[in-house]
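Engineer: With the hints as your guide, set chain H onto chain V.
These are the residues of each chain, in order.
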Amino acid sequence: MPVSVTNSKLIYDALKECDVKIMSALPETWLVHLIRMADDDPDMTLVRIAKEEEAVGISAGAHLAGVNSALLMQNHGFLAAINPIVSLALLYKIPLLLLISYRGHMGEKDPWQTQGGLATEPILRALNIPIWHLNTPSDIHRRLKDAQTLAHASLHPVAILLSRELMWEE
Amino acid sequence: MLRSDALQAIYPELQENIVVTIMGAVAVELYTLGHRHSFFYLEHAMGLASSMGLGIALSLPAHKVIVLDGDGSLLMNLGTLSTMARYKPENLLHIVFDNESLLSVGGFPTATAKGTDLAGIARSSGIPNVLEAHTPESLKEAVTYAFASNTLTTIVSKVEAIGPKSFHMDLPLLENRFQFKRYLESLKHASAS
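Chains as they are written, first to last, in this note's numbering: chain V, 1 to 170; chain H, 1 to 193.
For reference, chain V alone in the conformation it holds in the complex (with noise of 0.2 Å):
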């Protein structure tokens, strides 16, 4: 499976070094590495939930108890989370480490996900959440710390989105 295994541990790593201690993720092609480590990581609590929404509602808890989290998942699942994105994390002033694969981007050969890559940059920005490319490896380590520092600092949702380039070898 071509998902690099490089830049999902530059990724693992950069989260490590933000502290992160939950994960939630629900499993994606592009995210493998990234839940395989989580899961190997015995100071990494991986939470696997059966649909996004629920990652808001427990990132919600531990930020509200002082833990950082990151929550992981497609772009078809930050579709599936908005609701809780609006209701609970704007409302409530919730920060959100989002990191997103963005699939149905250009290079996808998977008709079925082309529909959520067009609408995923829209909706982020129709909801005020800042965005972040991943592209390129060295670029990992910096935006991923920045983009927390936001979220802590405006106590709102920033997302990343991981591209095709980092995420997959052809």
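Rather than coming from a laboratory, the hints here were simulated on the basis of the structure. There could be a bad hint or two in this list.
To be verified - Partial pick of chain H residues on the chain V-facing surface, computed with a CB cut under 8 Å: (1) M1; (2) K88; (3) R123; (4) L173; (5) K181; (6) E185.
Unchecked claim - For the chain V half of the interface with chain H, some residues (derived, Cβ under 7 Å), not all of them: (7) L46; (8) E54; (9) G57; (10) L64; (11) N68; (12) P84; (13) L91; (14) S138.
To be verified - Once the Cα atoms are required to be at most 20 Å apart in a straight line, the calculated PhoX-like pairs of lysine-lysine come out as: (15) K64(H) x K181(H); (16) K88(H) x K64(H); (17) K114(H) x K64(H); (18) K114(H) x K51(V); (19) K21(V) x K88(H); (20) K158(H) x K21(V); (21) K21(V) x K109(V); (22) K93(V) x K181(H); (23) K21(V) x K188(H).
Each residue gets a CB set at the ideal place from its N, CA and C atoms; glycine is no exception.
Structural biologist: Same frame as chain V, now just chain H:
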């Protein structure tokens, strides 16, 4: 049983622990019994009180977390039962007040009025300890048993579809949020020192 009587019966346990409630009647009735900084009222995001409780329970394993859920809310997020059951935090107690209706929005019947069995769903989802308590006394006993067992527990309590006259709470959402966070942080610092 009236939910307000049920809450009254377990208020001593509630006030000593972290509590996350759903919106509407449950929140107002608990608030009316006496607000504590350890109470968080999730006034929207229906279905997610249990997910929040799970996040808190995993973050603060030394402290008990009680979620006050409802049939309408739980039916919106049934996956939460399988997620809680998967991780089985010992410090999480999930109480579902089942009034078989969406009381705050007109009292329309939920599926539990037509046979859906939330305790059965909880059991089949893998919640290790599922109890049913339909009187204030039996609810209090169930809570005591759940605490003593140190096992993830869901208690389903059938209650009447009767709520408060007013849903007003003199507590802005963000005040509740920051107050609650400060309370949880004080627990964390206390257990760290």
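Engineer: Now, for every hint given, state plainly whether the structure supports it.
Structural biologist: Quick rundown of the hints versus the structure:
1. M1: violated (28 Å)
2. K88: violated (12 Å)
3. R123: violated (17 Å)
4. L173: This interface hint holds because 6 Å falls under the 8 Å limit.
5. K181: OK, holds: K181(H) within 8 Å of chain V, min 5 Å.
6. E185: E185(H) check passes; min Cβ-Cβ to chain V is 5 Å, inside 8 Å.
7. L46: At 9 Å from the nearest chain H Cβ, L46(V) fails the 7 Å test, so the hint is violated.
8. E54: holds (4 Å)
9. G57: Nearest chain H Cβ about 3 Å off; hint holds.
10. L64: Given a least distance of 5 Å, the restraint on L64(V) holds.
11. N68: Violated, because the Cβ-Cβ distance from N68(V) to chain H comes to roughly 10 Å (cut-off 7 Å).
12. P84: Where the cut-off is 7 Å and the nearest Cβ of chain H is about 5 Å from P84(V), the hint holds.
13. L91: OK, holds: L91(V) within 7 Å of chain H, min 6 Å.
14. S138: violated (33 Å)
15. K64(H) x K181(H): holds (15 Å)
16. K88(H) x K64(H): With a Cα-Cα distance of about 13 Å, the restraint between K88(H) and K64(H) holds, given a limit of 20 Å.
17. K114(H) x K64(H): It is violated: about 33 Å lies between the C-alpha atoms, which goes past 20 Å.
18. K114(H) x K51(V): violated (26 Å)
19. K21(V) x K88(H): holds (18 Å)
20. K158(H) x K21(V): violated (37 Å)
21. K21(V) x K109(V): violated (34 Å)
22. K93(V) x K181(H): Roughly 12 Å separates the two Cα atoms, so the pair holds.
23. K21(V) x K188(H): holds (15 Å)
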